[in-house]
Amino acid sequence: MKCEECSALIEEYVDGELSGREAERLTAHLALCAACAQEVDELVREQELYARYQREVEVAPAMWQQVRARIEEEKEQEARSSNTSAGWRGWLAETFGARALLRPAFTMALVIIALGLAAFAVYRSLNTRRTQPTAVAIHNAQPLPPFDIEVTPEAPEKAATAAAVAPASAKRPELIRASAKSRGSVTKQPAPENSRSLAETLAEVEQRAALVAARDEQVAGAPEQPLDPDMELARHVEKAQLLLRSFRNVRLAETSHAPDISYEKEQARRLLYRNIILRHDAAEQRNTANEKLLAALEPILLDIANLPDHPADADIRSIEQRMRQKEIMTALQVHSLMAQN
Amino acid sequence: MMKRLAIEAMRQAGEGDRAAGTLMNSAEDLIARVRAGDDEAFRLIFERYARPVLSFIYDLVGERALAEELMQETFVRGYKNLAALRDETKLSTWLFGIARNVARESLRTQRRKRSQLELDDPLVTELHDRGLPPDDRLINKEMHRAIRVALGTLDEDKRLVFALKVFQQQSYEEIAVITGFSMAKLKTDLHRARAEMRRLLRPYMEVGDEV
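Residue numbers (my numbering), protein chains in the order written: chain A, 315 to 655; chain B, 6 to 216.
Since the hints were derived computationally from the structure, they do not count as laboratory data. Do not take every clue at face value.
Calculated cross-link-like contacts (lysine to any residue; reagent style SDA-like; alpha-carbon spacing at most 20 Å) [stated by the list, open to error]:
#1 Lys389(A) / Lys146(B)
#2 Lys190(B) / Leu323(A)
#3 Lys146(B) / Arg359(A)
#4 Lys606(A) / Leu87(B)
#5 Lys389(A) / Arg82(B)
#6 Lys389(A) / Ala41(B)
#7 Lys389(A) / Arg48(B)
#8 Lys389(A) / Asp43(B)
#9 Lys85(B) / Tyr587(A)
#10 Lys146(B) / Gln361(A)
#11 Lys85(B) / Arg583(A)
#12 Lys190(B) / Asp162(B)
#13 Lys146(B) / Tyr587(A)
#14 Lys85(B) / Ala610(A)
#15 Lys190(B) / Glu325(A)
#16 Lys579(A) / Lys85(B)
#17 Lys95(B) / Arg636(A)
#18 Lys190(B) / Lys579(A)
#19 Lys190(B) / Ala322(A)
#20 Lys640(A) / Arg48(B)
Assemble the whole structure, with the sequences as input and the hints as a guide.
See below:
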């Protein structure tokens, strides 16, 4: 070994990072070369100096108490939010539970409501047949972003693709409902005004209400209503896709300085908690496919949640690379399509 | 001969840390217990890692009160996200990763104030002027302060890899995981950080040799 080669490897040698064979070669060189041996000596002495470095900090017992207090506080907050949810569930169980169903008056009320709903459904179905099939306009959940995406019920994939290549300037995720059966954000192109039936108007009002609810939920982060587990997972997967697309677009949007991803971080943090719960549910139900999907998504959510508000380009690229390696976007899209079918 | 023994001892120290995972109360055991709802296990994790995490954060931010606050934030975040830890054997790497993020977020807001303090610190000027080494009686106290100030003059990336390698004895692979840097970048940053620290601390190193 020559001195130049040795000199380039000395730090790794002292750090214990060289492979056995390289370390042996370097050791043999040091035995013969006083100058290189002197370099190693200096590095070792430096290391000893740094090992004596005493900082003016100490872990006081009170610090654990403070950490524990903060953890307890977090737990209480979580418990409060789940109690609220449990309270609603309790009320529903009490109202619609087995004992309630035994009460004759209650049963009669349910029968009347069911008949009313059935009659309304028949009336609506008869009126709907008279109208033409319509295109469905997908509206943006945010008031500002400038583009709408036209999607027909037959082409949900186009919507996903269009959202994926949405302009980078539209930083925040768009609320996209790519299925005709989806409840949110759908506005039918109306049939001629004079032929509109009451059922159509009601349907439009219902859809607009769903749009507002979905937008409020996205903007304000309002708590979700209790959902069917499959629906809950589908919605979670959809939100994850929106987040990952938004995250991917962030870097494209701001090239001159570190981008601000505080919104994406917040979303990732929210989704992370939901992801953990859903993953546990999937494991309990032995649904390996869902468990695997959520397990692949979780570290990516965690990584985004743990980024600084203005991450370095390398940090973003690293996460993007992992997203590509895991093919997470494809997996999420496949799940969404299967859920729709 | 002494030199080779010292190097061998350093290498073995690194391996010893890794072997500690096989003992009772290993990181895996503790994590499993915390996940099962045993908060006492998290206290043990805190006791084990609080000191290195606090030292690491202090090396990055250079302020005691802030470092203490950020160390607590690191463990609270760690507790909240423990369910998502993939490789339980990498608990310390994971915690250092969180600590790094917490410190970086804080540094973003503190940067202007910190750089002003550094410029105002008379020791920085002294270090840059390569003044005479201080009196032997004050050598330890001064040396610790000199190391702290010299660390503060490194840019953020170099300070990060230097602290992780030199003070926390993390492997290059672990540093790459914690920082997200490529191997080439971290080696270059580490080499430059060492050279810069050496230049700033040379008077103290020479006195240290004589003592």
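- Query: Tell me, which hint numbers fail for this structure?
  - Reply: 1, 13, 18, 20
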